[in-house]
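Trainee: Start from chain A and add chain B according to the hints.
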Amino acid sequence: MRLRGLIRKEFLQVLRDPSSIAIAFVMPVVLLLLFGYGVSLDAKHVPLALVIDQPSADTASFTGAFQESQYFRPTMKATMRAAEQALLQGEVNGIVRLRADFSRRLHGDTSAPIQVIVNGVNANDARLIQGYVEGVWVNWLEDLARARGEELNIPIRLQQRVWFNSELRSRNYLVPGLIAVIMTLIGALLTAMVMAREWERGTMEALMVTPVAMREVLLGKLIPYFLLGMGGMLLSVIMAVWLFGVPLRGSLAVLFVAASLFLLVALGMGLLISIVAKNQFVAGQVAIIVTFLPAFILSGFIFDIGSMPQIVQLLTHLIAARYFVSILQTVFLAGNVWAVLVPNALALIAMAVIFLGLSRRRARKRLD
Amino acid sequence: MWRQRILALAKKEFFTLLKDKKSRFVIIGPPIIQLLVFGYAATFDLSHLPFAVYNEDRGSPSRDLIAHFSGSPNFKAVATLNREAQVAPLINRRDALLVLHIGPQFTRNLLLGQPAQLQVIVDGRNSNTAVLALNYVRTIVNRFNQQWAESQGRTGPPARLEVRAWFNPNLLSRWFIVPGIVGLLTLVVTMLVTALSVAREREQGTFDQLLVTPLRPVDILIGKALPGFLIGVGEATVIIVVAVLWFEVPLLGNLLTLYVGVILFLLSAIGVGLMISSLSVTQQQGLLGAFLFLVPAIILSGFATPIANMPPLVQELTLINPMRYFMVILRGVFLEGVPLSLLVQQLWPLAAIAVVTLTLAGALFRRRMY
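So the sequences go chain by chain: A and B.
For the first sequence, our numbering begins at 1 and goes up steadily by one.
For the second sequence, our numbering begins at 1001 and goes up steadily by one.
No lab work stands behind these hints, which were simulated from the structure alone.
In this text the structure is predicted, and so the values were computed from the model without any measurement.
From the three backbone atoms N, C-alpha and C, an ideal C-beta is built for every residue, glycine too.
Every clue listed holds true.
Have a look at the derived ranges for each label pair, beta carbon to beta carbon: (1) A/Asp143 <-> B/Gln1105: 23 to 31 Å; (2) A/Gly357 <-> B/Glu1316: 46 to 54 Å; (3) A/Ala253 <-> B/Tyr1259: 53 to 61 Å; (4) A/Ala253 <-> B/Val1244: 47 to 55 Å.
Bound-form chain A, shown alone (with noise of 0.2 Å):
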């Protein structure tokens, strides 16, 4: 009953300040569909310099090649240059060059030299450029040994098949995560203000002489923002299947029991920033600290994790963002596979011991 009393106060006060439904339900629409169309890893129409010292019929066939390829937009340039120019101000990626004896090295013995430069800058995407340059080139002598009638003599062929994408599309493993990162923030942003909220404004001496016991204060905090926060998960996963068309391979029952699971963490974790802090400004600016950015970079979302030195894998263990984005790749991309989502869903449920017995712990009916 008192509880009862507790949880409609609160949601009115969600109701007075919107700011908290917008964070529950605009935010992550907004931020899913900028990012689901915006983040993309897959270079498509790279602006390519293409030199060639003497044309003719070998180089023709070459920069065909190039152009028919759907990664590259090739432009001429009569000089290197030219071309270096260009790669210096930005207007192109990379250069493939073929020197005036390109022909006669051709049809010769030795090989000829194709010169490739790729602007380094962005490492990964000089990788990405590289590998789609190596694919043309093969598949150009491959033309050229058909032409000649002949079979291209490469001792091992590399067969590919990638599993769970099979077309690679970044957007399938980007979106799962992004959802694990935005859930982070409403978690947190849901309950990182509302006790620092009753400390700072006084209510919270108010609320200490009623019989009110500190596990019903914390419940009644923790409910509405959950109803809030899974309605926002609900919206995510909906975006995700229907906008972006991630497959959804497992079941949608297990998906809501680790959003569940990494919601009570999520939520767990603005409550203790809350009570900790004791003030809204530093309880806001804490939130920001430990929020975004390793659930951006620390996640697994975008950048590997076994990649990464043992003791920053080690420090991964912390994120909650870490074991959710694995289970929502898996569950997402793989189906319900039990080895995986076990133990990640152990993890979180730890994780969520501890947050939320620590709330209970520091938040005690006392004035210092």
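Mentor: Frame of chain A; chain B shown alone:
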């Protein structure tokens, strides 16, 4: 006279920001810690990728090929399989990112000069990792092919690629990411200092008191902006020093050019922060506003994913994002040594954003008075 007033206000702002241990730590500690952690964590260079081998071939060339993989720092062998059925669970559980499958005819085909198949099965759950891992595989296979062709006295392909990377010859993604982190943390710190500052005074009612003092809105603006600016410059300096000395990112360009960029960026970020702050009535709204700016500003800045990959509409949206310009300036000055004159294209939008947001913030101080 007015200068004293502004100084007094700025001093008060500094005190509220740094008055107790908790507040001081929040502003100074985390950026340094995050720089160190993120500097190591944020990398697209893959190492120790777990792979498993399913080798049905008994010849030495297949063992030789596997040795090429085990010997590479990019790969780490985790399992040897002897049945096809073992492949799926291993990848599903994420114990191995890729499985190399060598068929029974491998050595025979290789010796006969027929194409020998190497099948690679990759976990595509993280497609960027998958693409990069396949690139590493291709590099190793190409090297093996070349050595094999030479050892057999066969001619190689009629044309070969000679690839060079400018500005970052070893393609270390750390060189790309760490200058970006300079921008990231500078932005976060300025938001910490400015986004809640007016909102707090409004919620507590002290902002109205400030408005009835002889201070003009411009003075309040300067007084509010000054601490954020000084803290921002200080933190940016520390982060740049750590980037150069600790992470050994080359700083080819001019420090003066870099600081022109830092200052203009800080002004525009402070403008945005103060604008959010003066628009909000409660601190919760201020915090929400800070996030609604911070998160898109970082994700759509080109920090991790290139702006060129975005759809045209989103690309145009990034034109109002100050981070976008600062990223280009940072990477240009650090890695390419771009002079000031070539950065005008990036600097004037920053200046324009700063002027607009600061003016709006100043105008909004008065609007919300009731």
